[in-house]
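Enquirer: Below, each chain spelled out in residue letters.
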Amino acid sequence: METVIKEKIKQIKKGNQAAFEDVVSFYQNKVYQICFRMIGNAHEAEDLAQEAFIRAYTNIDRFDERRKFSTWLYRIATNLTIDRIRKKKPDYFLDAEVKGTEGLSMYSQIAADQALPEEEVESLELQTYIHKEILALPPKYRSVIVLRFLDELSLQEIAEVLEIPVGTVKTRIHRGRETLRKRLRHV
Amino acid sequence: MNCKEEAIALMHKYLDDHLTQTEEKKLRMHLQACQECQTHFHELKRTISLVKSSSPVSAPQGFTSNVMANLPKQKKRNHYTKWFRNHPFFTAAAVFFLMMFGGIFSAWTEDQQVTVSKQENLVIKNQVVIVPEDVTVNGDLVVRNGDLRIEGAVNGDVTIINGDLLKQDSREDSPLDGEKYMAYVSGEVNEVNQVFEWVWYHIKNTWESVFSLAKE
Ligand SMILES: [Zn+2]
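Residue numbers (full-length UniProt numbering), protein chains in the order written: chain A, 1 to 187; chain B, 1 to 216.
Hints listed in this document are in silico derivations from the structure and should not be mistaken for laboratory results. Only a predicted model underlies this, so the values are computations on that prediction, with no experimental measurement involved. One or more hints might be untrue.
[What the hints assert, rightly or not] With a straight-line Cα cutoff of 20 angstroms, these simulated EDC-like cross-link-like pairs (lysine to aspartate or glutamate) come out: (1) A:87 with B:23; (2) B:4 with B:43; (3) B:118 with B:43; (4) A:87 with B:151; (5) B:45 with A:178; (6) A:132 with B:43; (7) A:87 with A:61; (8) A:182 with A:133; (9) A:132 with A:163; (10) A:88 with A:125; (11) B:13 with A:133; (12) A:182 with B:24; (13) A:170 with B:134; (14) A:170 with B:23; (15) B:52 with A:151; (16) A:14 with A:61; (17) B:52 with A:61; (18) B:73 with A:125; (19) A:88 with B:133; (20) B:52 with A:133; (21) A:14 with A:65.
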């Protein structure tokens, strides 16, 4: 796949805008997932993911083709999201409760639409709880946890996305994991 | 084995897939003997599977077409710029002449004072320009003859001429709930440390401004 993407990027660089469509549809879920898990609500996640793709397009000339495109794209997405989180910072922690509820409404919507059996609803509640606990992590731990366990990036890739040393990635994963352990052990 | 220091560290190493065989043996022996660590290990593994069990979310319907509809108009790259890219030698030579006349060359060698394009709220200490933690610089930032440390944020490109971007690494020991985020630059970071790069940087800027004028 990476070679197909590389070919598309060459075409985009030559001015073929339509070639970008395939790139977007290939990466949309990954990018959206990163934004959603980090920012916590669907509306803002969509906004951020869209902005990330638009920035990738307008800056495509700066992308070094010897590197992995996904790493570069995820970096744009995480930077934008971290930036947004920072801007919301003043009311961020007060907001944590509300944020969780937004996730909840999304999940309960699914539940209402499809009238799921009891145990499935239970697991939706559990998922909402987990989602909320990930959101309660400080952003720097949240980003590594999301990239590692939801997007299944390697430690090395995470280091490249976040532009921090691998050792730092490890430390953050360990701390994030310990925090989540304390929060999820009674589930 | 010390539970807190050693055993837990080994557990994380195990979970990162970085455990050597000897370490694994050590951990296994300890777990067999220590109930508390066994519970801890179990909880960690369960935490990961819980996190991983979150169903993947997908982008909303119509996402791709929305992005495509919001892209800026097809970029028509200026063929002058292209020519300039394809003929770096000629361009550099031509520019070198220009510079000799323009005196930029001497500006590089003589002017060693720290200068920064945006002064508000920035701190300059011992040849280091600092963007303090609570400051966000809106727009591009250019630093000459000094290093730059970003503790806050820059909403734009960063160019450092004859200096370095200092990474902050002492941060890692801050406690988990510390709210210190990564320094953040929304645009590109360029470091220019050679006369030749400096020439390039100048040309790029001059040409960019000339052509953006021409395009109007
Ligand atoms: Zn123990």
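Enquirer: Each of the hints needs a verdict: does it hold here or not?
Expert: Status of the hints after comparison with the structure:
For the hint linking residue 87 (chain A) to residue 23 (chain B), the alpha-carbon distance of about 44 angstroms lies beyond 20 angstroms, and the restraint is violated. Taken as a hint, the residue 4 (chain B) and residue 43 (chain B) pair is honoured in the structure, with Cα atoms around 15 angstroms apart against an allowance of 20 angstroms. A C-alpha spacing of about 50 angstroms is found between residue 118 (chain B) and residue 43 (chain B), which places the hinted pair above 20 angstroms, so the restraint is violated. Under the criterion of a C-alpha separation no larger than 20 angstroms, the hint pairing residue 87 (chain A) with residue 151 (chain B) is consistent with the structure, at around 15 angstroms.
A C-alpha spacing of about 11 angstroms is found between residue 45 (chain B) and residue 178 (chain A), which places the hinted pair at or below 20 angstroms, so the restraint holds. Restraint check for residue 132 (chain A) and residue 43 (chain B): satisfied, since their Cα atoms lie roughly 18 angstroms apart, inside the 20 angstroms limit. Our distance criterion of 20 angstroms between C-alpha atoms is broken by residue 87 (chain A) and residue 61 (chain A), whose separation comes to about 28 angstroms. A C-alpha spacing of about 10 angstroms is found between residue 182 (chain A) and residue 133 (chain A), which places the hinted pair at or below 20 angstroms, so the restraint holds.
For the hint pairing residue 132 (chain A) with residue 163 (chain A), the CA-to-CA distance comes to about 26 angstroms; that exceeds 20 angstroms, so the pair is violated. Using a Cα cut-off of 20 angstroms, the hinted pair residue 88 (chain A) and residue 125 (chain A) is violated, with the two alpha carbons roughly 26 angstroms apart. For the given pair, residue 13 (chain B) sits about 23 angstroms from residue 133 (chain A) by alpha-carbon distance, which is inconsistent with the 20 angstroms threshold. A distance of roughly 24 angstroms separates the Cα atoms of residue 182 (chain A) and residue 24 (chain B); the hinted pair therefore is violated under the 20 angstroms criterion.
Among the hinted pairs, residue 170 (chain A) with residue 134 (chain B) is inconsistent with the structure: their alpha-carbon atoms are about 27 angstroms apart, more than 20 angstroms. Distance restraint check for residue 170 (chain A) and residue 23 (chain B): the Cα-Cα separation of roughly 18 angstroms lies within the 20 angstroms cut-off, and the hinted pair is therefore satisfied. A hinted pair counts as satisfied when its Cα atoms are at most 20 angstroms apart, and residue 52 (chain B) with residue 151 (chain A) qualifies at roughly 9 angstroms. A hinted pair counts as satisfied when its Cα atoms are at most 20 angstroms apart, and residue 14 (chain A) with residue 61 (chain A) qualifies at roughly 10 angstroms.
This hinted pair does not check out: residue 52 (chain B) and residue 61 (chain A) have alpha carbons roughly 35 angstroms apart, beyond 20 angstroms. At most 20 angstroms may separate the alpha-carbon atoms for a hinted pair to count; residue 73 (chain B) and residue 125 (chain A) exceed this at roughly 44 angstroms. Pair hint residue 88 (chain A) plus residue 133 (chain B) holds up; C-alpha atoms about 15 angstroms apart against a cutoff of 20 angstroms. Under the criterion of a C-alpha separation no larger than 20 angstroms, the hint pairing residue 52 (chain B) with residue 133 (chain A) is consistent with the structure, at around 13 angstroms.
Proximity of residue 14 (chain A) to residue 65 (chain A) is assessed by CA-CA distance (about 13 angstroms); at most 20 angstroms being required, the pair is judged to hold.
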